[in-house]
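J.: Spelled out from the first residue to the last, the chains are:
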Amino acid sequence: MSFVSSLDRRRTSVRWGLRGVQAAMLLALVVVCLGPLLWLAKSAVTPTQDTLRSPISLWPNGPDLSIVTQAWTELGLSAYLVNTVVIAAGSWAVQVLVATTAGYALSVLRPRFGRIIYAAVLATMFVPIVLLLVPLYLTVLSLPVVHWSLVGTYAGAFLPAGASAFNVVIMKRFFDSLPREILDAARIDGAGPYRLFWSVVLPMSRPVLGVVSVFAVLAAWKDFIWPLIVLPDPAKQPIAVRLPSIAPTTDLSVLLAAMAISAALPILFFLLFQRLFLHSEGLEGAVKG
Amino acid sequence: MAVDISRVSGPALVRGPARRRTSFVSGLARWWRGSAATVVFLLPMLLVFGLFSWWPIARTVVMSLQETNLVGPAAWVGLDNFRTVLSDPLLPVALRNTAVFAAIAFVFGYPIPLVMAVVFSSLRKLRGLYACLAYLPVVVPPAVAVLLWKTFYDAGSGGVFNTVLGWVGLGPVPWLESADWVLPSLVMEATWAAAGGTVIIYLAALTTVPQELYDAASADGAGVLGKVWHVTLPHLRPVLLITLILQIIGTAQVFLEPYLFTGGGPSHASLTLLLLIYEYAFGSTTGGGDYGPATALSLMMAVGLALLSWIYFRLTRGWSD
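In order, the protein sequence lines correspond to chains A and B.
Read in order, the letters of the first sequence are residues 1 to 289 in this note's numbering.
Read in order, the letters of the second sequence are residues 1 to 321 in this note's numbering.
Isolated chain A, as found in the complex (with noise of 0.2 Å):
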């Protein structure tokens, strides 16, 4: 599967000049991606003064290990990453509920107007985030026919995030192309709808659900725009959100220790589940159209 043949290889010129551009890109991955990162974990345990005098030096007088500690208790990072967490997590379970319960709706159950609500579905696609900003602020500010406002609220953050017709479309595709012959020998066997889902859907759909929940997961922790507007409470703000607003009052040493805090998690958590981020098959397919 790759356009270098095993003749290719036996080339000394093409043996040669591939593995220089594969070095060559390695080099640059390293430096441009991974660098910057590195970067960040030597200055958060770098003194300001060290970072401003020379900023790519290696510790001229030792690392500080204490600058982690100070940015962790004065800046108070545990509540801000309590709340980074707390609307992760309900923008997972309100994106992965919506996903698959519309994907069953309407791929295993089939309503009579299916076709309309998909339609419905994915034309959201086609419009542009800009369009809903404020509008999506205003109804969030009054609920339509309730009038309750969420503003300022953890829901109000984390909601709006399963309106994602690209869940929707991934959640369908991977049900349509479950094998009718097991959905029907257990419709035979007497499970209901509920039952169906839950123990015979479901429990099938353990690899797209993955990939779900990480890009979820992963969208939450990364979103700034919606909770900048939704939650004008510092106290309730997440850390990515509350890191600008503190950085022109913070010592650097501390503010890049606070950064470090606030990218390791997702970093660990793309290490930890890489193999759903880098292979997403589901996803390929979406894209295709």
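Accuracy of the hints is not assured; some may be wrong.
Stated by the list, open to error - Here are a few chain B residues that sit away from chain A, every Cβ distance over 12 Å (derived from the structure):
1) R127
2) E177
3) A179
As the list claims (entries may be wrong) - Per the computed footprint, the stretches of chain B lying under chain A, defined by three or more beta-carbons under 8 Å from a beta-carbon of chain A, are:
4) 86–97
5) 180–189
6) 254–266
7) 292–300
To be clear, the hints were calculated from the coordinates, so they are not data collected in a lab.
C-beta atoms are modelled at their ideal positions from N, C-alpha and C, and glycine is treated no differently.
We have chain A; now place chain B onto it with these hints.
T.: Showing chain B alone in chain A's frame:
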């Protein structure tokens, strides 16, 4: 659903009239339970999409024609909001900056993931390591990435980039302080942050190239570069066409970088359309609260982007095969 169930209870029907009636009643009951279940399963989506997608979209159109202060009832003002936006001297500035940002992002940001994916796919080993490194910036929260790059771009002695440039006798470059440099600087960070995601899409598409095509090209005497040019790239064309329009739509809505790096400065040199919308609605400098003009501009942008995509797909319709 109803059809499936009647098929399942089919054998029971032949047993006799009495049996048929109970079967009909229980069939009806099952049908009702079935469609009730359908409603139950559709409900989360209908609620969430209705509240947070369909209703706000419909509301945009209404709100762009209204003036509202959120306290009293909204007043119909016809096309006044559109007039306000179109006569705003900042609109052409924001439009130009957004177009320049999208153009630079296209020239630099579009080919990079493609080159990366092609080189990655030539690897027999370590492809996972390359992909992992390339994806790392994508998982960094954008707010952290921007703050980090801000210290890199620092014009003072602590600026990482200017220190490095100083070693080879260049600079210092006023990365974020000069009107000429600010947009390229923002594009550079945005490309760093986003390229990995596109690489993964291309890599996935590259694994679907049939090996026979490469073998046939080899048999015809094509070298490595020949195969990339005549087999790999044509095979990627449909994906490339989609990622291109997605990138244009995405960069047209750039907000985070100008908002966090410069707040639109220096002297509006990085003010983008989305930043202008944000300023109308939530801005601190103007006081915000101008929801009418904000939605009017959103609507115009959305229509503009929809038109652009439509023209794009019409023009490129024949290119996918």
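J.: Is A179/B truly not at the interface, in the sense that its beta carbon sits beyond 12 Å from all beta carbons of chain A?
T.: 22 Å, holds
J.: Compute the least Cβ-Cβ separation between R127/B and chain A, then decide whether it is above 12 Å.
T.: Nearest chain A Cβ is 10 Å from R127/B, so the label is violated.
J.: According to a criterion of three or more residues whose C-beta lies within less than 8 Å of a C-beta of chain A, is the region 254–266 of chain B covered?
T.: holds (count 4)
J.: If you look at each residue in the region 180–189 of chain B, do at least three have a Cβ nearer than 8 Å to any Cβ of chain A?
T.: violated (count 0)
J.: Given that the region 292–300 of chain B was listed as covered by chain A, double-check it with a C-beta distance under 8 Å for 3 or more residues.
T.: Check passed, 4 qualifying residues.
J.: Report holds if the minimum CB distance from E177/B to chain A is greater than 12 Å, and violated otherwise.
T.: 16 Å, holds
J.: Do three or more residues from the region 86–97 of chain B put their C-beta atoms closer than 8 Å to C-beta atoms of chain A?
T.: violated (count 0)
In this structure, the hints that do not hold are numbers 1, 4, 5, in rising order.
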